[in-house]
Amino acid sequence: MSDDPDDGDADPLVLRDAQRAIRDAYFDHEAGLFVLSCVPGAGKSVVAHHIAAEDVLRRYVAGDPTPEQHVAVISFNRDEAADIVPKICDRLQTIVEHDLVPVATDVSDAELHYLRQRVQQAPYVGTIDGLLRGLFQNVAHEVGFDEMPSVGNDALLKRVHRDCYGSLRDDPEHDQRLRDLEAAYPDAEYDDSVAEMLEAALTYCRDQRLSTETFRSELVRTRDSVYPTGKPESFGDIVNSVEQFVGRSDRVGDRVREAVVGSDRERLVNADRELYDAWCDRIDDFCAVLSAYRSLYRETVREYGVLDHTDVAFLVDAYFDDSGERSDLPDSFRTIDDSHRERILQRYRSGIRSLIVDEAQDVSAIQHAALSHIVTDESRVFACGDVLQGIYLWRHADPTWFDTAATDGTYLGVDWDTHETRTATTTYRCVPDIAAGINAIAEPMFADSARGNLGDLDTQYSRLNAARSGDSDGDDDPAMHVSSFTGVGRPGSARWADPDGAVGEANMLATHISRGLADGTFCDDEGEPLSVTVLFRRGTRMPEYENAFTAEGLRVHTASEGLFDCPAVETVCAVCEWLIAPGSAQRTTELLTDSPLNAVSDTELFESHSWDLDRICDDNQADITDDQRRTFCGLLRLRDRSDIFHRQPASTYVEEIIEALALRSDPNGCLSDTDPNQRVANVDALVETLSQWEGDTQYSPSALIDLVAPFREDPAAGPSQPSTTGARYDVEFRTAHRAKGDQDDVVVIADPGFSNWSQGPHTQRIITQGSIAGLAPPTTTDVPSEITIPPFDNGLYGTEDGWSRDAGLRWATAHWRTAVSESAERDVLVGPDRLQEVAKNERAEVWRLLYVALTRARDHLVVPLPRSDRGEDHTRDRWLDTLRDGLDFRERGTEPYELKRDGSDPNRNAIDIGVNDVDLFAQRSLPALQTTNTDVSNSRPQRDSLDPWVPRFLSPSTLYPLTESVDTYTLPHLLGEPLHTETNDVPADLPLRFDRLGPEEVGTCLHTALTRLVLRDTDEQTLRTMGPKVRTVFDEAVDEVSTRVSEDERDGMFVFFETVLGDFLDSALWERIVDPETDVSVERPLDGLAEINDLEVEIHGQTDFLIEDSNGDRVVTDVKISLTEPTPETQRRYELQIAAYAFLAQKNGDADSLVQRTVETFGVTSETTTTSWPAEIIQKRLQRLLGAQ
Amino acid sequence: MESDRFALSGPIDTPETPAVEIVSRTRRDEARSAMAVVAALRERDVPIRDVAVVVRDLDPNEEPLFRAALQYGIAPVFWTQLRVTQTRPYALIESVCAVLAQDRVGRDTLLRPLELRWSPVDSTAEAWPIEPEEVHRAKTELPASPRSVSEWIEAIRSTDTVDERLRTFGDWIDSAPRPEPESVVSLLDEVVSAYAERGLPETMAADSPALLDTETDARAVVRVRTLVQQLRHKFADRLEAGTMERSWNDVAELAGVIATQRPGRREHSNARALDIFEANDIWALEIPFVIAVGMTETEWPQPSQSALPAAFQEAILRGEGESETLAPQPAWAGGRDRDQFVDTLQSAGQCLVVTRHTHTVDGDEVPPSPLLEHLDTQCISEASRRQLISPDRALPPEMRGFVVEASEGNDE
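Chains A and B supply the protein sequences, listed in that same order.
Residue numbering for the first sequence is 1 to 1189, as defined by this note's numbering.
Residue numbering for the second sequence is 1 to 412, as defined by this note's numbering.
Warning: the hint list may mix true and false statements.
[Stated by the list, open to error] Among the chain B residues that face chain A by a calculated CB cut under 10 angstroms, a handful are: (1) 26; (2) 101; (3) 104; (4) 106; (5) 143; (6) 147; (7) 367; (8) 376; (9) 392; (10) 398; (11) 400.
What the hints contain is simulated information worked out from the structure, not anything from laboratory work.
All residues carry an ideal CB built from backbone N, CA and C; glycine is no exception.
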């Protein structure tokens, strides 16, 4: 069995060994805890998916029609979580089709299909965050939210924090404390600001469920461990502290006494006392401010309707915690409705019978606590993971929970009666050589109490045992490679990576990979290049590496660049900022000169026009380039449309900006430093991201600028640029953290020479790790920096020197004790116990990260190692030395060699290590990669060249004016208004006042009244006498238009209506209506479709009267109420209208000859119009709509 | 096991119309692939009415499809109700209410109606609406702090460089009536009519020949006119019920409530535009080329939103015991989305194109729709797709045969 789809064939995947054993144990019990500890690539997710699928199947066969409701499957990783449902469905199918388990034979194909559909609706499958979010949805209202908040909207959360901090600044009660804190912890590039420290403290308190008071006591404990004798009274206290932190042997105290003499001792003690006091004060300040900050945060997240994932877990846990012992919770949690709480809990507990947790080592304390509420000792829990892959300590993942589950059988708040643990050591990912190579490196590393085994976690190493066969092509090509180079400068430095005039680490790796792709070393059996990932611990050296790889002709994709660190996105932001006040010359200047638009180099012309784009475009057409003109026109267009932007979602008007400036295709080349497809992907991602952030809210340009300000300032804090389609690059650069859960054919470990102590607690202002919290001493006290206190580089206290291993006596250090005292153990650090513990855990995680990086490789693993040997032992401090020792590369050169394993490895007794094992003269024929040249990255949107509008719906009455002059009548047509053609004046002697109603409305009223009287079978006598029935119908028609017509106006209309009715009763139409042999339809719809070229135009008519006689002959009549003498144009309009009816009649299958068509006009003029125009004229008239196109 | 309930979830009887599948990476890539197909079909003289795009839910897809259509020179129309609150005519009446609602008005609030092309109902010799550059100039020249309308009139008078027409607006605001049901309608109706007369032509003048913005603006005018008329009765009712006060703030709030109910005309006026439907509008239509967009697990079908427990739904679906008399909701078994999928399949006469994307913007994988399992599709190769979306666009070879047949069919 393998987790690699490429290895699949016709045979179904079958669980083996530990996989099989844990599955058997799981199904042998109705309840219990079942733990699978796995090495990388051991298929733990496959086991999880199998167990889920089989569990669903068994429940179904046992009679549960909705088994998916009872099996929860969760993972930490979002990408993997998205895969769970399809994977369970596939596994269900495989199990049934291949009868892999006994119950498989009990379901039919239809039932299998049904089950798959049910799984697709499974409510508890996805990320842990997703499950908790669902749970929270039930209690959101109870914990003070009007509706379900958005979760994980980073932009809005940044704003919440900023607002909270701003409110604190404005509060006189906290203003002084904040100012003192800001002075004590001033802004610096690599240090947390006070705002960031508060944010970190808040998250930590929530993660650890701490009240501010408890948090405070943790800070005090840390301070006390730094001052083990309390506030120093004498120089002896300082010496005593040094001896405690360094060890009492080897004259440690004497050396301090020798270094500090005379009055310096008193100065030092005084400074230390001052530092102590200031530290106490700042802890007080910080906690007082934090308490207020927490309250503000509580209110603000409710106001904005937003939470982060930790908040959700925290609130779920807080809501369901009925212990009444939580001092960290506000009073509102003590008054919640117990019955509601019980009901929800009951629903979840009785619903989720099985809980399957993948990547269990990544679960945080608060997630664990929240999940605990829905699990009882009657549940069945399967957890799989790998403690050695726990690399998220920095974001509060805590592998201890999983470790304890595996070793002690306690998990999710239950001490399980039934608990089974298995360890799967077979890896299905890498070839045997790589497995053996990793074992050679990792086994001593994890056994070493100064490296992998330095922290709290039990890191007992299980050797990888590769299931894949090696050498699939039958040759002996190595899978483990070393890029060997001389080594210039300090390992980890820019010079080391890419020295001037020499071959550095990055250069050699680039050559190795480039030539290896060319000569087939890193190609598959068909000679196709393998996929290559270069993994970094940190981003610091990526630029040097990128230069080196690019110089070798390799196309590099860096996966972790910030979305807001891209010219197209920067341009969008700059334009939004301009749109806040586009009339401002200053803003226009900034936009045109400072943004990536870079539209102006020579500013003279623009200054002379006060940066007024309208004037510049109007007056100086010749003095600006075509590119500039296009840009300025785009900006002016945006300005003119920006009036509506505050009503539209940002994602919509940002698309307007992108379109107006053609940012996807970039015809002006102002964004040319980005790959075109990456540019398109970035712009797409920006719009999608904004859309996600907005939800139901909308951000005006100014609000948007406000929202994204933190990401513009620090793009790394915001979303990343997306990965683009297709293999458009040879090599991908990623951080090892982001590669977790992934794999690649060729993996390169980059920049292993960094010092792993460089980012320890001695560089941090706030420490929030596990049970330990600490606030660094303030930097504002007067510390005599010239007085040294051996072995502390920074004396009493100092944080100026970023390259030092310590921040002085009174904070953390990265010194090994062996560097001070030869007799010390090699795994002990200098410093107070609590801070040492933090440093150890951080260091241990760096080694686990190396293990994760190494185990991403499938076919080839490449590490860069220097041939130079400086003699010093840095094995504890650098990946480089551990790799070199593990591969026994020390003192070797450029020749391949054999790494002996002496029978201790399950894969190989010896491994061939290739050293620079490529043909250095091999040339790659470029372009070997597929590149995607897309329309969208090349061409502007074509809005302005779209074919002109052509009306799609017409009526017989509007045919004439629209086809006569489409431009004139387009707007009234779109507004559904009557299309007025030229008419004569209304005669002055008519009894019509037109006070309230115009001629058009009067005509409509009278027309309605007339047809309605016919509909109601009104007899001639009633009509002629204008009796009450006529008046009632007339009034109805008037009221439908306006109820506020005065009596005089109404009466005048009624008088005129009498004339109309008189004409009507004298007409041939009336004769036909009253003829007992005819069948009369009033207001009859008549529709049809006309085609002009390849366009279709729908004509929808409604004839006033359709009268059919006993012979089947029909007359179509339209009635017009005339208030004026008809013009020749009116006549033509009527004729075309009638022709249209003929056309429609034809379209409806009626023979033209049998339908007579007339327009009857009553009122000022009384006449009957018949047409001489054939029906075909409609087609010709419609053709006019296409005009000269 | 009972099999009745499988009727809603069993295999779909697929029509014989050939189906091809296009797989793109992101939602926007997918939208562009879909529109590139339309463009390629048009280049082969397939009439625009012979092509339609169908999605399960327009909300997440409208914007990507709209932009993709413009990229490929296609005017799209979306058969969904107008989002009137996002239109200029609506924003205009709302901004007028905002000015009238406050005793002291900020500069931006004061100028907002003018930005949105307010003009007096009886236009004098002056040209209206005020040009955008003049409004923005006024923004830089007038004081920012809030003041009363009369103070604003004075401020405008005393600022020489500000356009004279601002005074007309100030006077109009100053003479506005108290908000009574009749006066509200009268005043807002005036505003909308003036917009239709002088604001809308500005949209048309700046618009592309396909009149995409003009059409939307005109639909909005029609809708806002109706909305204003509805305001009269609803405002009177609320005043009578005591749930609202005679304030322009309440008028604006009420207008918002009415507007977001989203009825209104859906028909579209351009004979040259591509129809883009939601799947519930596709039934009974017959269109040679149908492009079904968004065939992903989370979009089509959409997860059931029913509040009833799944086990209860299932019991009714099974019709066992007393639940036999209860009617199941098709949506419980994905039935409605499934039916609409079947409608979509059946509406395609010549060729069905199904498209989907594989990743979210965050890089998470997006699995395909399970409904696709019922369909035997020919997947367009990546090389064909690249060619399709390249500047040298070509209809994928997998589809070419259908177009030739279509032309032949037409010739006959």
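Do the hints match the structure? See the list:
no.: 1; hint: 26; result: holds (6 angstroms)
no.: 2; hint: 101; result: violated (17 angstroms)
no.: 3; hint: 104; result: violated (21 angstroms)
no.: 4; hint: 106; result: violated (13 angstroms)
no.: 5; hint: 143; result: violated (15 angstroms)
no.: 6; hint: 147; result: violated (20 angstroms)
no.: 7; hint: 367; result: holds (5 angstroms)
no.: 8; hint: 376; result: violated (16 angstroms)
no.: 9; hint: 392; result: holds (8 angstroms)
no.: 10; hint: 398; result: violated (19 angstroms)
no.: 11; hint: 400; result: violated (19 angstroms)
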